[in-house]
Amino acid sequence: MIRVENLKKTYYLGVVEVPALRGITFEVKRGDFLGLMGPSGSGKSTLLHLLGLIDDPTSGTIHIGGVDMLNLDDDERTDYRLNKMGYIFQEYALVPELTVIENVALTAMARGISDAESRRASMDILSTIGLSARLNHLPRELSGGEQQRVAIARSMVNRPLILFADEPCANLDTDNSKIVLDQFHTINEELGQTIVMVSHEEWHKEYFHRIVYLKDGRIDREEQHS
Amino acid sequence: MADNLVKLHLSFFLGLRSLQRGNIGSLVMTVVIIAMVFTNMIFLPSVITGAIKLFEQQTIEYQSGNIIIEPKKDAEYIDDLENLLARVNRVPGVLRGAPHYDIGGVMKFKGNRLPGSIIAIRPRDETMVTGIFKKMVEGQYLGEGDTGVIVIGKLVAGHEDESEDLMPSLGGVTTGDSIEVEYTNGVTRTYRVKGIFETKSYMVDPLVFITWDEMESVRGGPVDQATAVLIRTVQGEDVEEVKFSLIGMGIQEEIKTWHDLLGKAFAEVVQSYAIINNISTFVSLVIAIVVIFIVIMIKTINNRRQIGILKAIGIHRTIITFSYVFQVTILSLMGILFGLLILFAMNLYFSVYPIVFPDGDIRPVFTVADLAANAVLLFIASTIAGFLPAWRIAREDIMTAMKG
Ligand SMILES: Nc1ncnc2c1ncn2[C@@H]1O[C@H](COP(=O)(O)OP(=O)(O)OP(=O)(O)O)[C@@H](O)[C@H]1O
Ligand SMILES: [Mg+2]
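If you read the protein sequences in the order shown, they are chains U and A. Residue numbering for the first sequence follows the numbering used here, beginning at 1007 and increasing consecutively. Residue numbering for the second sequence follows the numbering used here, beginning at 21 and increasing consecutively.
Hints should not be assumed to be uniformly reliable.
[To be verified] No more than 25 Å apart at the CA atoms, straight line, and that leaves these computed lysine to aspartate or glutamate pairs for DMTMM-like: (1) 423/A / 1222/U; (2) 154/A / 1061/U; (3) 1090/U / 416/A; (4) 423/A / 1062/U; (5) 27/A / 1222/U; (6) 27/A / 1079/U; (7) 1090/U / 273/A; (8) 1014/U / 417/A; (9) 1014/U / 416/A; (10) 1090/U / 23/A; (11) 93/A / 1130/U; (12) 423/A / 1081/U; (13) 27/A / 1080/U; (14) 423/A / 1085/U; (15) 27/A / 1085/U; (16) 154/A / 1222/U; (17) 27/A / 1212/U; (18) 93/A / 1062/U; (19) 423/A / 1121/U; (20) 284/A / 273/A; (21) 423/A / 1123/U.
Note that these hints are calculated values from the structure, not bench results.
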């Protein structure tokens, strides 16, 4: 489903080069639930940005469903993100001017689903992850964990083919983390959604089918689970 | 198609939320500035239009009527006057024709000598055609059959202190004073001043009037001639049509509408005013464009992170751009509405307290055409001004934008 070859990303801070990814080659199969792990600064978020078509690699290729993603223009990538992908940012990235329910419903509305239907679907997900009481709050009125859960709901409302999650439970307690991971497990099992998730927590491993460990911008090792 | 509707709907939705949840202060400020610019765009032209209207009205009301008949080319007088008047007064659309007969003379008062022409009128006809009789500041207007009296304009009467006069005068004549007139035919008469008028028109206030009977006595017999016939048309009649009917009656003399009379020179003056108007409109538009450009640029820069997020979750940049364009259209519509309100208030105010100019009271004239044209111009200008910065920021790459 996703095939990445010799992916490199170098940040330039003035004249200083920061090589965040130094050549990543790997594959994610359809229906996979992949864990990305590794020390802080190893390049997990950078890799996820590239896979999610949010940033451009310095070199290398990304194929998704056989399509060369780097050949798509800006609008085609936007469409791809909207229609095929869900993305949970490490820093949540909620739209500040929209309420909780509007944040979640927005991408559904963008896909042409009626306002009422979008809201209903959003409400369902928000209640699953325990945010029914916060529907009309603005992001700045929420705690970090609540914002994170809104971001999770938003990424799932369109039942995307592929879900990218960058430490989605970083700010959640164990109970809430379990709810989210169980939810991921369900959509992965029942809808066959492919999930790529970054995590630090050892106990998350039991949810992953496979784990890729990054270190200094390279793949350190892989681990197969079942 | 459906896709575009979805996009439009989303732009609308995002724009509306941004207006609701953005900075109210800058929103109000933008609306007020647009309102001011709109008011400014309309106000100067309206004063100029008012001044032009005033001048036209003064010309019609005190000088020419709606139509004026003048002697044929190369002739000094309109001959066969009674016959001509009878025909004129039969023409449909003509309220009345009033003859004028000018004779040259020198007026004398307390050692002041003032050469000029003395105009003989028929008071009953004249009061149906011109409005000078309504502008008496002292005494009374001429009555039918009056003899031995004269009615003079304020500028002729003048002041005892010459420095207060705008042009040569008799030096402070008041009603009841006697002035002597020495006509060019050698006859000299002494007249009691029956009244003084002031129209505030520089063309009219230097005039003096006597009755037709008085003039005939000066000329020593009946006069069937005139130097001009002023015609008042019935309210709402098209003067060009009436002029046409007059020509159709076989009148050979020169027939001019007030429009013809003001003629080319006046058209050029109006043209010059139009240039001033256009410059003022242009400057107003530039101000509006700059203000809106800056407001939206600040707004988009402040919203960079949000714009990056929207793109990251799959919202098209055109949707984002148009969400700002949409905000600008709302702001400029509100500004224009507010501006209309201000203009409406000004209109009310100036109809009660006109702007006092030396040559008359000017009421700004707001025409629907001007209002509409300027509103459309301002609307288009502000939309473009809002589009550019939004378009620019919406093209930024996501990671740069998301860092804010
Ligand atoms: N915008 C940027 N400009 C410069 N350097 C960057 C930028 N983003 C990331 N980096 C650098 O790239 C490297 C990889 O960063 P990345 O965010 O991918 O790490 P990570 O594995 O997600 O870490 P964490 O677990 O702390 O989230 C780090 O050294 C980081 O400092
Ligand atoms: Mg990270």
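Taking the numbered hints from earlier one at a time, note which ones the structure violates and give those numbers from smallest to largest. Of the numbered hints given earlier, those the structure breaks are 2, 5, 7, 11, 16, 17, 18, 19, 21, listed in rising order.
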